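Chemist: What follows is the residue order along each chain.
There are 2 protein chains.
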Amino acid sequence: MSETAAGARGRSIRAVPPGGTEDRQHTEHGLERKQQLLDAAAELFADRGYGATRIVDICAAAGVAKGLFYWYFPTKSDLFVELVRTMRHRLRRAQGKAMAPDDDAPTRVAQGAAESVRFMAAHAGYFALLDVERADPEIAHVLDEGAGVYFSDVRRLVAEGQAAGTIPDGETDLLTVGVLGAVSSFSNSFRNGRIDPTIDVDALADFVAGWVARALR
Amino acid sequence: MSETAAGARGRSIRAVPPGGTEDRQHTEHGLERKQQLLDAAAELFADRGYGATRIVDICAAAGVAKGLFYWYFPTKSDLFVELVRTMRHRLRRAQGKAMAPDDDAPTRVAQGAAESVRFMAAHAGYFALLDVERADPEIAHVLDEGAGVYFSDVRRLVAEGQAAGTIPDGETDLLTVGVLGAVSSFSNSFRNGRIDPTIDVDALADFVAGWVARALR
DNA sequence: CTCCACCTTGACCGGCGGGTCGACCGCGAG
DNA sequence: CTCGCGGTCGACCCGCCGGTCAAGGTGGAG
Numbered sequence: 000m001s002e003t004a005a006g007a008r009g010r011s012i013r014a015v016p017p018g019g020t021e022d023r024q025h026t027e028h029g030l031e032r033k034q035q036l037l038d039a040a041a042e043l044f045a046d047r048g049y050g051a052t053r054i055v056d057i058c059a060a061a062g063v064a065k066g067l068f069y070w071y072f073p074t075k076s077d078l079f080v081e082l083v084r085t086m087r088h089r090l091r092r093a094q095g096k097a098m099a100p101d102d103d104a105p106t107r108v109a110q111g112a113a114e115s116v117r118f119m120a121a122h123a124g125y126f127a128l129l130d131v132e133r134a135d136p137e138i139a140h141v142l143d144e145g146a147g148v149y150f151s152d153v154r155r156l157v158a159e160g161q162a163a164g165t166i167p168d169g170e171t172d173l174l175t176v177g178v179l180g181a182v183s184s185f186s187n188s189f190r191n192g193r194i195d196p197t198i199d200v201d202a203l204a205d206f207v208a209g210w211v212a213r214a215l216r
Numbered sequence: 000m001s002e003t004a005a006g007a008r009g010r011s012i013r014a015v016p017p018g019g020t021e022d023r024q025h026t027e028h029g030l031e032r033k034q035q036l037l038d039a040a041a042e043l044f045a046d047r048g049y050g051a052t053r054i055v056d057i058c059a060a061a062g063v064a065k066g067l068f069y070w071y072f073p074t075k076s077d078l079f080v081e082l083v084r085t086m087r088h089r090l091r092r093a094q095g096k097a098m099a100p101d102d103d104a105p106t107r108v109a110q111g112a113a114e115s116v117r118f119m120a121a122h123a124g125y126f127a128l129l130d131v132e133r134a135d136p137e138i139a140h141v142l143d144e145g146a147g148v149y150f151s152d153v154r155r156l157v158a159e160g161q162a163a164g165t166i167p168d169g170e171t172d173l174l175t176v177g178v179l180g181a182v183s184s185f186s187n188s189f190r191n192g193r194i195d196p197t198i199d200v201d202a203l204a205d206f207v208a209g210w211v212a213r214a215l216r
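If you read the sequences in order, they're chains L and X. Numbering that gives the first Met the number 0 applies: residue 0 is where the first sequence begins, and numbers increase by one. Numbering that gives the first Met the number 0 applies: residue 0 is where the second sequence begins, and numbers increase by one.
Just so you know, these hints were derived from the structure itself, not from any lab. Since the model is a prediction, treat every value here as computed from it, not as a measurement. Keep in mind that the hints are not guaranteed to be accurate.
Unchecked claim - Chain X regions said to be covered by chain L (calculated; three or more residues, Cβ under 8 Å):
id, region
1, 80-94
2, 97-104
3, 123-132
4, 169-176
5, 189-198
Even glycine gets a Cβ: it sits at the ideal position worked out from N, Cα and C.
Hey, can you work out the whole structure from these sequences and the hints?
Modeler: Below you can see the structure in the form of C-alpha cells.
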C-alpha cells in the first residue's frame, strides 16, 4: 500500500505529476482496454467479492498480463472507486428522469424508489459489488460519499413534502433513512434470490413504491 | 459476555461437540481465555472489518501469544461463526421476550422490530461486525443462515396476520423483506452515525415500530 | 513426588499476492 | 528511416500473514 515516493527516477520524468494523480494519455484503443478491465473486475467483484478478487484474476479475465493493470490503474481500490462513481452517476440520472417534475413530493419519492429498484435489478451484476468490506479507507470513503449523495437527494424531497403538507412533519432524517433502506433492502433481497426471482421486476418496483408511500403517510 | 458456561466448574467440560474436529477439553480458566479472545476479536472486527483484522492483532489485544489462538479456534472464520451464532441467539431471545403473546400479528411484528432496534443499538459493537465481506464461504453460510432464521420468524407472523385479516393479503414474502430491511436499515444508520446520535434509542425504536406498522397496513 | 492434561510461548515456514521493472512491439509523425 | 510514445508482457521482489511446532510451565489427581 505504500506509495513509495520512489516514483520518478532515472531519466524519464513521467508519472506522479504535480496534481498527484496519473494523467496518462490513452488512445481510443487504450480506453477500450481499460473498459475491459473495468468490466472484468466488476464481474469478479460481484461474484467473489472485492477482497477475494486477485488483480491477476482481473487481468486473466480481460486476457492481458498483470503488468498492464498498472498501466491503467494505480491500485485495485482506484479501479473500484471508478466503478462505483460511474454506477452512481448512471443511477442518479435514471432517478432524475423517472420523477415527474410536477407531481408532489411523496409521489416523486415513490417514483424514484421504483426506478432505483428497476435500475438495480437491471444492473444486478454491478450493484452486487457494493456488498464489500469497508476495511480499505478509500473504499469506505467512496461508499460513504455515495450514501451521503442519495441521502441529501431524498432528504430534500422529503423536506419539500413536509413544507407542502403532503408528508407528516418531524423526523425528516428518519423518514429519509427509511426510504433509502427500503430501496436497498428490496433490491438486495431480489438480487440475492431471497425474493421469488420469477416476480416481475416492475411489480416489485410498484410494490416498493407502495411500501414507501404508505410508510411516508 | 457473562456466564455462558452454565455452572460448569471444577471439572473440565466439553466446548466443542465431538463432530470430528477439535474437541478439546477446556478448564474454566480456558473458557475465560477463549472468551477474552472472542471479545477482543469482536471489537477489532467491528472496528476495522473481518478481513483486515490479523489473528496476531486479536492475540495482542487479548494479551496472549499467537500460538494460543489455535489452541482455542481452528481458524479465524470459526471464531467469527461462533461470534455470530451467539449474537443471533441472544437477539432472538430478546425479540421473543418483547412480543406480548396476546397482541395481534402486526403489533407483535412492530414490538419485535422495536426490540431489535434497541438490542442492536445496545450491542452496536457486536453488530458492526456483520458488515463483512462474504468471500469466505463459511462466513457467507452463517450469515445466510441468520437471514433465513429471521426471515422465517417474521414471515410466520405476517402470514398469521394475513390469515387473521389484520394484515392485507398477498405478497407475504415482500412484506417480510420490508420489515427486516427496515430494522436493519435504521439500525445500521444509527450505528454509523447517519442518524443524529443524540436521539433517544427508545424514540428511534418507536419510530421504527410506527414505520413498520404503517407499511404493513 | 510423579504424571498427565491443559496451557502458553515465540521462532519459524511457506506461499500468496500486490506492486515493480526492464524489455519489447507497432504505429504515426517528422 | 527513425524516433517517441502508447501499449504489452511476465519474471521477479518482498512483506505480510495464516498456520505449525517443539519446548517449557503449572496444578491437581493418585
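Chemist: For each hint, tell me whether it holds in the structure or not.
Modeler: Checked hints:
Restraint check on the region 80-94 of chain X versus chain L: 0 residues with Cβ-Cβ distances below 8 Å, three needed, restraint violated. For the region 97-104 of chain X, the assignment as covered by chain L is violated, since 0 residues bring a beta-carbon within under 8 Å of that chain's beta-carbons and 3 are needed. Look at the region 123-132 of chain X against chain L: 3 of its residues bring a Cβ nearer than 8 Å to a Cβ of that chain, three or more, so the hint holds. Under a criterion of three residues with beta carbons nearer than 8 Å to beta carbons of chain L, the stated coverage of the region 169-176 of chain X is upheld, 4 such residues being counted.
Using a Cβ-Cβ cut-off of 8 Å, 3 residues of the region 189-198 of chain X lie near chain L, which meets the minimum of three, so the contact claim holds.
The structure fails hints 1, 2 (numbered hints given earlier, in ascending order).
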